[in-house]
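Visitor: Listed here are the chains, written in short residue letters.
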Amino acid sequence: MKVLYSLLAACTLMLAACSDNKPVELYNTKAALPSSPKYNLDGLKVITSFVNKTKGTASTLYGNDLALKAAIEGNKIIAGNEIFTLVTWKQQEDDHWFGAKIPSDVESVEVVKTASSGNTVAVNYQQLNGKALDLKTDTSGQAERIKYILGQKPSVLP
Amino acid sequence: MRTNRKPLYQRKVFIIIMILFLGFVGIQFVRPDVPNPPVTGDLEVPADVKAIVQRACYDCHSNNTNLRWYDKIVPVYWGVASHIKDGRVDLNFSEWNKLAPADQKAKLWESINQIISGAMPLPSYTAVHTEAKVSPADLAVLKNYLASMVHSKPADTAAINAADKQYQHWEKNEPAITKLPTAANGIAYIPDYKNWQPISTTERFDNNTLRVIFGNDIAVKAIKENNIHPWPNGAIFAKVAWAQLQDKDGTTHTGEFKQVEYMIKDDKKYASTYGWGWARFKTPKMVPYGGANVLFTNECMNCHKPMAAEDFVFTQPIKH
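Chains A and B supply the protein sequences, listed in that same order.
This note's numbering puts the first residue of the first sequence at 11, with every later residue one more than the last.
This note's numbering puts the first residue of the second sequence at 420, with every later residue one more than the last.
Just so you know, these hints were derived from the structure itself, not from any lab.
From the three backbone atoms N, C-alpha and C, an ideal C-beta is built for every residue, glycine too.
Certain hints may be false.
Stated by the list, open to error - In silico contact screen, one side only, chain B against chain A (beta carbon under 10 angstroms); selected entries: (1) Val458; (2) Trp528; (3) Ile535; (4) Ile647; (5) His648; (6) Leu664; (7) Thr670; (8) Thr702; (9) Pro725.
Said to hold, decoys possible - Here are the computed distance ranges between Cβ atoms for each label pair: (10) A:Ala42 x B:Asn485: 45 to 51 angstroms; (11) A:Ala42 x B:Ile492: 50 to 56 angstroms; (12) A:Thr147 x B:Asn652: 35 to 41 angstroms; (13) B:Ser567 x A:Ser126: 31 to 37 angstroms; (14) A:Ala132 x B:Asp666: 26 to 32 angstroms; (15) A:Asn139 x B:Met568: 42 to 48 angstroms; (16) A:Ala132 x B:Pro573: 35 to 41 angstroms; (17) B:Lys504 x A:Ala42: 41 to 47 angstroms; (18) B:Lys688 x A:Thr147: 50 to 56 angstroms; (19) B:Ala519 x A:Glu35: 30 to 36 angstroms; (20) A:Thr39 x B:Asn712: 38 to 44 angstroms; (21) B:Ile637 x A:Ser45: 45 to 51 angstroms.
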């Protein structure tokens, strides 16, 4: 009987040793976007997603319905009330898949908003940098960034 | 009294042991056949890589199974035989030539990920066959070999044209598919996925795709409320894959749409498939993967099995 008990104990120990105790990382906490009144992704749809392998960044371009429609039409006409938001993250290796890269720390959030008054359409651009979402005050280069964002071809989503 | 009972008790034990022993000997003759069919085309990789794969995988994933005497003792042998049978169906390095080059590549990346996660070689197998264990040094050799197969270069004209053609077709917004294509397990293509929130993106350099993972309202709500372990019933993911289209300045865009894959959580309805309904639809025509064969879900499950602790989900959602 003693032998039986010790065998049972040994088996229990062995099973316990085999159980997997690695911590489970459910979220990609590094890439989390801080909530802020400076931008809002709620209700926005994906226009496209791209990566830059030289810079090691991953970006997703979001837009409201009007922005998505305009982007599919090639942004030939800029109308009012369009919202484009380009989020760019640094990349990191995917712990769950050797062969994949996933977003890491947020690098920037760029927001393009259009507003029409009369016959003119004003295009507003804001760049928020880093996890703190610091507003970039230097306005040089804005025209290029607007052109770049509006020039993105949407991803085929059938 | 006591001395009278003891021999009787001892005899009972003796009889029981004898019955058990005879039973044990008897079942030795119940032996499933484990043949080694001919090798049609063996895995071709550098010698150092091959040596590791042979040592760690070939007993169950090739036609060159090397059974040790202790593998042949029933009932252990029954388990061994069924592992070999299943193992060869999933992956057989001796019939490597039967796979298309892209599938060969995908199998190698899947295999290394199974090794990294500790799912393969089966821990119960390496516990006895210690020589089959993959050491960190072995793993480095395998990783280096696979990494050396990754080449990133600007897209060629053919890839650009294919993407353009598909885009023009899609952009015209032609009438939506009226009858939804349905996979063999009854899961139909869900066209609304594109209006869901993206929960993450992936650059897959193993197979040159870009991916966006969308979550339906239930999934997004669960993410916000930290209620994803396990995921609630009704949560659905849609993972979309496109071919990579790299331009000259290093930006890689989404090219041709390849497929959309769904995971639908329902721990009762899909209890037999880890609590998830699985489906994949290929090309903009949404051709169900697996055709009429419902066994395609085994492929989904085998690949996701190492993520059991994460409720079988690879994606780590990004909160916002």
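Visitor: Honestly, which of those hints from before does the structure not fit?
Guide: Hints 1, 12, 13, 15 and 21 contradicted; others consistent.
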